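S.K.: Okay, here's what each chain looks like letter by letter:
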Amino acid sequence: MAEQVVFVIAAAGALISGVLVVTLENAFRATVALIVTLVSVAVIFLLLAAPFVAVIQIIVYAGAIVVLFLFVIAYLGERSPPGMEDRLAPYQPFAWIVVIALVGQAGIMLANSDLPGLRDEPQATGDIGSPEAVGRAFIDDYIVPFEATSAILLVAAIAAVLLAKRAIKFEGGR
Amino acid sequence: MSGVPLIWYLLLSFGLFGLGLLGVMRRRNPLLMLLAVELMLNSANIALVGFARHWDNTDGQIFALVVMAVAAAEVVIGLGLVVAVFRQRLALNVDEMSSLKG
Amino acid sequence: MEPALAWIVLGLPLLGAATLAAWPTEPPRSMTRVLGVGPIALGFLLSAWLYVQMLGESSDDRLVVSRVWEWIEIGDLTIDVALQIDPLSVMMMLIITGVGSLIFLYSTEYMEHDRDYRRFFAEMGFFVFSMLLLVLAANFLFLIVGWALVGLASYLLIGFYYEKPPAVAAAKKAFIINVIGDIAMVIGAFILIVELGTLDYALVFEAAPDGLSRGAVEAVTILLFVGAAAKSAQVPLHTWLPDAMEGPTPVSALIHAATMVTAGVYLVVRTHELYELAPFASDLVAITGAVTLFLAATIAMVQVDVKRVLAWSTVSQIGYMIMAAGLGAYGAAMFHLMTHAFFKALLFLSIGIVIHGLAGEQSLDRMGGLGRHLKLAYVATAIGVLAISGVPGTSGFFSKDEILASAWDAGDLGRALWVVGALAAGITAFYMFRLLLRTFYGPEPGGGYGVHPHRSRWPMTVPVAVLAVLSLFGGWIQVPSGWSWITDWLEPVIGPESIPGQQAEGVTLVASIAVVAIGAGVAWWIFAADPGRRSRLAGRFAATRRLLEDGYRFDPVYQQALVQPSRDLGDYLYGRFEPDFIQGMLKGAVSLVRGGAIALRAAQDGLVRTYAFVMVAGVVSLGALLAWVVTR
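Chains as they are written, first to last, in the working numbering: chain A, 106 to 279; chain B, 7 to 108; chain C, 2 to 633.
Simulated from the structure, these hints should not be mistaken for laboratory data. Quick caveat, the model's predicted, so the values are computed rather than measured. Every residue, glycine too, gets a C-beta built ideally from N, C-alpha and C. Treat the hints with care, as some may be off.
Stated by the list, open to error - Covered stretches of chain A (chain B as the covering partner; in silico rule of three or more C-beta atoms under 8 Å from a C-beta of chain B):
#1 114-122
#2 131-141
#3 158-171
#4 204-217
#5 225-236
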């Protein structure tokens, strides 16, 4: 019972803030809406017996990535310049159609799915979400993706340096 | 029933995904487009973790963590690009960045 | 008997020609002479040795087919690389290499001033090879191969002076008319394959009486004769031969008098077993020969270019041979073929001495009285004229009379053709004496000769002398009512042949002497007796004269009916069809592709949002498709 209530609240929060993320004009406000969405999703993770992932979600996503966004928005100016007319405006309905079609397909698929246990009560789970469990899984079974991910992060860091360097030079720096 | 069946989580995931998709197709400011992309990534994570619990398995969570790391890297580079483009005195309009046309 | 000899004789000229052709630079003259004349002369000696060997064999053993290799095997059809060595082919070999050697020797001097010395001998050697292949072939395939190669050699040699447009045009004309014959022969060969399943002479002749229906054998023989008519310049495919005189005189002597143009006669004699089964075709052959010999004789009367006179006379004399072959007198036809080779080559070579001496002059209007300067040429030409006219005792007398006598004995048609032949013999005497008298007798042309007619040296004079002797005495090997050495020799091939009867021989003898006397007499009266008479009489019969000079207008008719429409078609295809239709199709294809590309390019508008939309739309479509497939 409690689980369902918490789920509904968290889901509603995620969806509503999601709507705000995609509709707010002010970039700052949109980013803040994203924070709300991320926190709601973290709650969902907790419900799903993934405490470690939930915490990482808060620290990394809401804590680092969103901060990055905020910095860049501050640097570039929060309001999008007026710019030209949206030349793709007439085609808006197509976008709606396509998204509704996709979600609709998903819905139909779920409705007809024979996946065992899809609509049942969730079973009790063992220890799958604790840091120890995640750590063991990484080291024992998924060491390669682990290392690959570190490589990706390294590349991203170098790329960031390079991109920033060019920017500085362009502005007359060394 | 007092628990939340898997299908509810999946429905939530699809809903968030659709929202993110709409955002990608409608936003012209590249920064806001990236926000919508984050939304989509999160919806994927929900589905992954949901299935992890369904199969009583850590694998889905591992996958979700990797997704998060990659999302971080992607945001870094994406924002760097946006900054670089801005430096070129281009307006922050994704429609302007169309040199790959044709 | 050693069959290898035949292969060697066949291969030597090809080897010589190939060596000359492949030599990186113009070889030294002496080398060209050796490589040119050597193979042919050697070939003659080897042919003579082969002949001697054959004499030692009994009559039945004289027919040998030397098979080297089974080349084509398709289903039931087998075609070998093989040579037929029998009396007929050996006789042809001797004529080709014998007369050929003399002409080659002559050419070493005649062509001395020409810069393309090597090319001449290479092409001539190639010709001899092709001609030998034609006569030695043991099946229709190689006959046709040799036939076509000989046509090629003729094209090359007629167009030897390729910088002269008339020569090029003449070469093309000869080749095109020959190709018509080639096509007919190939179709004939196809019929043989379909009906009899083989192209081997021996097998075809054996199977023909039972295997070929009357219609089929008539068709085959007529088609083969079309080929023969084209090659031997019979009406209506004769128009190329007078033009072929554009080639050097030795070429005219060898190819267009002594050997190539006789290929048609050889063909009819070789395939006589088919013609014996096809009376309609045989009659057609005989009539064609007769028409040709008469028409050509009349045209020769008014020709002013000396070589053209000889060209038309060749057409006419071959007409005699063809007529004889059509009437079944194969021995007589081959006899005349041989004597004609002697005296026609003689005539060409001695006239060549005149042309050479006058530095290229060929017109009767600018000749006269050369007897004083060129004595050998005068005597030689005179001998040739006597032979061709059929003056008693000469070779031509015996062979022509045999043809006419055989005609007399060959039924009603034969008798009618006898009349034609006899008349034409008189005309022949007339125009040949005209040639002789206007060139060598009488006054020199007004103003004399700008060039002092220069004497020729031994390579030119010796062959002429040899041929003169042959023309005078070569006929004694077959004397009517006496011995018939040629017909006997050819018996293994042509079967036993009836000798003309006493009545035929007698009538012919009287008639031929009469017409020769009249013809020669009239010629003397017009051209020699009174110097001015010729010009006085020239004005009479102007319309007839013009008709004859134009060769009965065959050429203009062909030009209108065949040549010009072809040209127009070519122009149309090149000027309109090609650019509008074919290029248009290409352009259409290109613009189609380009239009498609431009249309598709609209999807690449460079806008990220569009790409996102397209991706999602794609996913939705695929999902729907998968769902539909899965639920089936």
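S.K.: Each hint should be assessed against the structure and marked as holding or not.
M.R.: Against the structure, the hints come out as follows:
1. Coverage of the segment 114-122 of chain A by chain B holds in this model, with 3 residues showing a Cβ closer than 8 Å to a Cβ of that chain against a need of three.
2. Look at the segment 131-141 of chain A against chain B: 4 of its residues bring a Cβ nearer than 8 Å to a Cβ of that chain, three or more, so the hint holds.
3. A stretch counts as covered by a chain when three or more of its residues have a beta carbon under 8 Å from one of that chain; for the segment 158-171 of chain A and chain B the count is 7, and the coverage holds.
4. With 7 residues bearing a CB less than 8 Å from a CB of chain B, the segment 204-217 of chain A meets the requirement of three and the coverage assertion stands.
5. Only residues whose C-beta sits within less than 8 Å of a C-beta in chain B count toward coverage, and the segment 225-236 of chain A has 8 of them, enough to reach three; the restraint holds.
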